[in-house]
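S.K.: Please model the complete structure; the sequences and the hints are all you need to start from.
Residue numbering for the sequence shown follows our numbering, starting at 276 and increasing by one per position.
Hints listed in this document are in silico derivations from the structure and should not be mistaken for laboratory results.
Just so it is clear, CB atoms sit at the ideal spot from N, CA and C, and this is done for glycine as well.
A couple of the hints might just be wrong.
[Unchecked claim] Once the Cα atoms are required to be at most 30 angstroms apart in a straight line, the calculated BS3-like pairs of lysine-lysine come out as:
1. K396 <-> K359
2. K355 <-> K287
3. K371 <-> K359
4. K285 <-> K359
[What the hints assert, rightly or not] Have a look at the derived ranges for each label pair, beta carbon to beta carbon:
5. V402 <-> E291: 17 to 23 angstroms
6. M368 <-> Y392: 34 to 40 angstroms
7. W310 <-> K396: 37 to 43 angstroms
8. L315 <-> K371: 31 to 37 angstroms
9. F293 <-> Q376: 37 to 43 angstroms
10. F405 <-> K371: 17 to 23 angstroms
11. L315 <-> E291: 19 to 25 angstroms
12. E391 <-> L315: 21 to 27 angstroms
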Amino acid sequence: MNKLTALEVKRKSGEEPFFSRGQNLPINLLSFWQWSSSDLVGNALRGLVAEYIVTSAVGNPSGIRQEWDSCDVITTEGVKVEVKSSAYIQSWMQNKYSSIQFSIRPTYGWEAATNEYSSEKIRQSDVYVFCLVDTGRKLTR
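M.R.: Following this line, the structure appears as structure tokens:
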């Protein structure tokens, strides 16, 4: 079986239009990002925001995030960084504050470059950064 090569993803500006039947639609990538990514406290996006902040702190965030790689950030010196994020407050209705828990248990790492899992469970990163989102009280953020 022939393997399909990975797509070459280029950083977007947000101005890229959507098309239908060869015609520009009245929406663009920025409007999609605003629609899909305005809840910065929700579990999925909160983790990405934490990764972006850490990437900005340890290097240049001008690249593109590698989805599902074995670690979240690799510094220019080659240090592998895993970013964990949690928050007491969630964007949905809660009966109580969330418990803060982080795990660094060994795992099978998946390598994006090879599309393969490692053969043994190990800690995938050299450094772990634990991010606690302080939203204070429940307000619209």
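S.K.: Does each hint hold? Answer for all of them.
M.R.: Each hint tested on the structure:
no.	hint	in the structure
1	K396 <-> K359	19 angstroms, holds
2	K355 <-> K287	25 angstroms, holds
3	K371 <-> K359	21 angstroms, holds
4	K285 <-> K359	26 angstroms, holds
5	V402 <-> E291: 17 to 23 angstroms	35 angstroms, violated
6	M368 <-> Y392: 34 to 40 angstroms	38 angstroms, holds
7	W310 <-> K396: 37 to 43 angstroms	38 angstroms, holds
8	L315 <-> K371: 31 to 37 angstroms	22 angstroms, violated
9	F293 <-> Q376: 37 to 43 angstroms	39 angstroms, holds
10	F405 <-> K371: 17 to 23 angstroms	21 angstroms, holds
11	L315 <-> E291: 19 to 25 angstroms	22 angstroms, holds
12	E391 <-> L315: 21 to 27 angstroms	33 angstroms, violated
Against the hints set out earlier in the document, violations occur for numbers 5, 8, 12.
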